[in-house]
Amino acid sequence: MNNEKYIAHTLVEYYQHHRRDLPWRTTKDPYKIWVSEIMLQQTRVEAVKGYYARFLKELPTLTALATVEEDYLMKLWEGLGYYSRVRNMRKAAIQVQEKWNGEMPKSSTDLLTLPGIGKYTSAAIASICYNEPIAALDGNGLRVFARLYGIEENVLDPKVENMIREKMQRCVDYTVAADLNQAVMDLASSICTPKASAKCEQCPLASICKAYQDGMVERLPVRLTKSSKKSESYTVLVFRRDHLILLEKRSDKGLLASLYGLPMIEGELSKEELHTYLQNDTCKIQEIGNFQHIFTHKIWNMKAYLIDDYEVPVEDSIWAKEEEVMYLYALPTAFTKIVKEIYTQRER
Numbered sequence: 000m001n002n003e004k005y006i007a008h009t010l011v012e013y014y015q016h017h018r019r020d021l022p023w024r025t026t027k028d029p030y031k032i033w034v035s036e037i038m039l040q041q042t043r044v045e046a047v048k049g050y051y052a053r054f055l056k057e058l059p060t061l062t063a064l065a066t067v068e069e070d071y072l073m074k075l076w077e078g079l080g081y082y083s084r085v086r087n088m089r090k091a092a093i094q095v096q097e098k099w100n101g102e103m104p105k106s107s108t109d110l111l112t113l114p115g116i117g118k119y120t121s122a123a124i125a126s127i128c129y130n131e132p133i134a135a136l137d138g139n140g141l142r143v144f145a146r147l148y149g150i151e152e153n154v155l156d157p158k159v160e161n162m163i164r165e166k167m168q169r170c171v172d173y174t175v176a177a178d179l180n181q182a183v184m185d186l187a188s189s190i191c192t193p194k195a196s197a198k199c200e201q202c203p204l205a206s207i208c209k210a211y212q213d214g215m216v217e218r219l220p221v222r223l224t225k226s227s228k229k230s231e232s233y234t235v236l237v238f239r240r241d242h243l244i245l246l247e248k249r250s251d252k253g254l255l256a257s258l259y260g261l262p263m264i265e266g267e268l269s270k271e272e273l274h275t276y277l278q279n280d281t282c283k284i285q286e287i288g289n290f291q292h293i294f295t296h297k298i299w300n301m302k303a304y305l306i307d308d309y310e311v312p313v314e315d316s317i318w319a320k321e322e323e324v325m326y327l328y329a330l331p332t333a334f335t336k337i338v339k340e341i342y343t344q345r346e347r
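Residue numbers (numbering that gives the first Met the number 0): 0 to 347.
For the record, the hints were derived by calculation from the structure and aren't laboratory data. Please read these numbers as outputs of a predicted model, since none were measured by experiment. Even glycine gets a Cβ: it sits at the ideal position worked out from N, Cα and C. Hints should not be assumed to be uniformly reliable.
[What the hints assert, rightly or not] Distance windows between CB atoms, simulated:
{"id": "1", "residue 1": "156", "residue 2": "217", "range": "31 to 41 Å"}
{"id": "2", "residue 1": "156", "residue 2": "41", "range": "41 to 51 Å"}
{"id": "3", "residue 1": "326", "residue 2": "41", "range": "21 to 31 Å"}
{"id": "4", "residue 1": "109", "residue 2": "339", "range": "18 to 28 Å"}
{"id": "5", "residue 1": "109", "residue 2": "232", "range": "40 to 50 Å"}
{"id": "6", "residue 1": "109", "residue 2": "275", "range": "51 to 61 Å"}
{"id": "7", "residue 1": "251", "residue 2": "280", "range": "29 to 39 Å"}
{"id": "8", "residue 1": "102", "residue 2": "42", "range": "23 to 33 Å"}
{"id": "9", "residue 1": "59", "residue 2": "275", "range": "48 to 58 Å"}
{"id": "10", "residue 1": "263", "residue 2": "26", "range": "26 to 36 Å"}
[Unchecked claim] Once the Cα atoms are required to be at most 30 Å apart in a straight line, the calculated DSSO-like pairs of lysine-lysine come out as:
{"id": "11", "residue 1": "158", "residue 2": "98"}
{"id": "12", "residue 1": "252", "residue 2": "302"}
{"id": "13", "residue 1": "336", "residue 2": "297"}
{"id": "14", "residue 1": "252", "residue 2": "297"}
{"id": "15", "residue 1": "166", "residue 2": "56"}
{"id": "16", "residue 1": "27", "residue 2": "252"}
{"id": "17", "residue 1": "283", "residue 2": "248"}
{"id": "18", "residue 1": "248", "residue 2": "166"}
{"id": "19", "residue 1": "252", "residue 2": "320"}
Generate coordinates for the entire structure from the input sequences, incorporating the hints supplied.
Written out as structure tokens, the structure reads:
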């Protein structure tokens with residue numbers, strides 16, 4: 000038995016005996032599988048379960064997603080972060096309605112044409128729902144196969160990623176793609192975990208894993224990024240009047256697009272500088288504190304102020320009840336930290 004055939008059969012056997020009991024494992028509905036796959040990007044499985052159930056309760060069909068109001072959709076997604084994921088889902092649902100008569104495309108090639116669906120997600124949906132014999136390779140799969148084959152090159156290099164995808168595809172050719180793809184997901188989650196937490200002695204492939212045999216588990220996979228996160232400084236303005244807080248609708252482009260947020264200005268201003276900026280010496284300004292929010296590619300360093308007795312020109316903005324800000328509006332985590340601190344200071 001060659002290596003690929005052995006890997007395929009061993010992984011599928013492992014999956015049949017140790018598969019995780021997950022809510023999306025009980026269906027072949029492409030819409031539900033799609034929702035789970037998008038939610039699982041950048042988010043832990045345990046965190047996703049509750050969101051998955053709530054999302055499908057409110058939007059049980061692709062048609063419901065295509066026609067939902069954007070503000071309500073953002074609120075449903077609140078807490079999962081990376082809001083572009085769900086905006087792309089809605090765009091894709093509309094496209095499916097218009098081009099595919101409301102039915103998800105049945106091939107990975109066609110799925111790949113939809114907004115927000117990349118190589119991994121298209122392959123996962125096509126293999127799980129339609130039995131397409133294609134490897135679904137994500138970061139977890141890169142870790143498993145880089146270790147199995149002892150690949151010491153940078154897995155973030157597209158050439159290296161494609162090489163690993165070809166190795167995984169050769170394994171798929173010996174078995175059922177849906178089972179093998181999900182087996183890799185489960186092995187990466189429970190055994191072939193990052194760095195020192197890996198449980199190699201429990202791995203069914205330990206006897207042929209080059210990283211395990213050569214003591215390279217903690218070094219693999221190699222991930223070399225081109226640049227570090229960019230750090231940006233902002234002053235966040237929390238305007239308040241009569242127990243209402245001003246929220247502004249952010250631009251439909253860029254970071255946190257189309258979400259409600261707190262007004263921001265570039266740079267970190269002192270109280271004196273802020274009075275000058277507002278052209279008002281009498282408004283009451285109270286410092287809330289310093290906050291930091293880390294995105295995938297940048298860091299926001301924020302100094303926040305609570306501002307009373309200031310007339311704000313309301314344009315693309317709303318006055319929200321102070322106690323409802325956290326519950327009725329899709330407020331990004333970057334801003335909820337600040338609002339929570341206001342609540343805490345008020346209760347002291």
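Tested hints:
With their beta carbons about 20 Å apart, residue 156 and residue 217 fall outside the hinted range of 31 to 41 Å. At about 21 Å, the CB distance of residue 156 to residue 41 disagrees with the hint of 41 to 51 Å. The hint said 21 to 31 Å for the Cβ distance between residue 326 and residue 41, and at roughly 24 Å that hint holds. For the hinted restraint 18 to 28 Å between residue 109 and residue 339, the CB-CB distance of approximately 44 Å leaves it violated.
Between residue 109 and residue 232, the C-beta spacing of about 44 Å keeps the proposed range 40 to 50 Å intact. Our hint of 51 to 61 Å for residue 109 and residue 275 holds, since their Cβ atoms are close to 57 Å apart. Between residue 251 and residue 280 the C-beta distance comes to about 36 Å, which sits within the given range of 29 to 39 Å. Separated by about 27 Å at the C-beta atoms, residue 102 and residue 42 satisfy the suggested range of 23 to 33 Å.
A hinted range of 48 to 58 Å for the beta carbons of residue 59 and residue 275 is consistent with their spacing of about 53 Å. In this structure the supplied range 26 to 36 Å is violated for residue 263 paired with residue 26, their Cβ-Cβ distance being about 42 Å. For the hint linking residue 158 to residue 98, the alpha-carbon distance of about 33 Å lies beyond 30 Å, and the restraint is violated. For the suggested pair residue 252 and residue 302, the alpha carbons sit about 24 Å apart, so the restraint of at most 30 Å is met.
For the proposed pair residue 336 and residue 297, the alpha carbon gap of about 17 Å is at most 30 Å, so the pair holds. Pair hint residue 252 plus residue 297 holds up; C-alpha atoms about 16 Å apart against a cutoff of 30 Å. Pair hint residue 166 plus residue 56 does not hold up; C-alpha atoms about 39 Å apart against a cutoff of 30 Å. For a cut-off of 30 Å, the pair hint linking residue 27 to residue 252 is broken: about 34 Å separates their Cα positions.
Only pairs whose Cα atoms come within 30 Å are accepted, and residue 283 paired with residue 248 is accepted, the gap being roughly 24 Å. At most 30 Å may separate the alpha-carbon atoms for a hinted pair to count; residue 248 and residue 166 exceed this at roughly 47 Å. Restraint check for residue 252 and residue 320: satisfied, since their Cα atoms lie roughly 27 Å apart, inside the 30 Å limit.
Checked against the numbered hints given earlier, this structure breaks hints 1, 2, 4, 10, 11, 15, 16 and 18; the rest are met.
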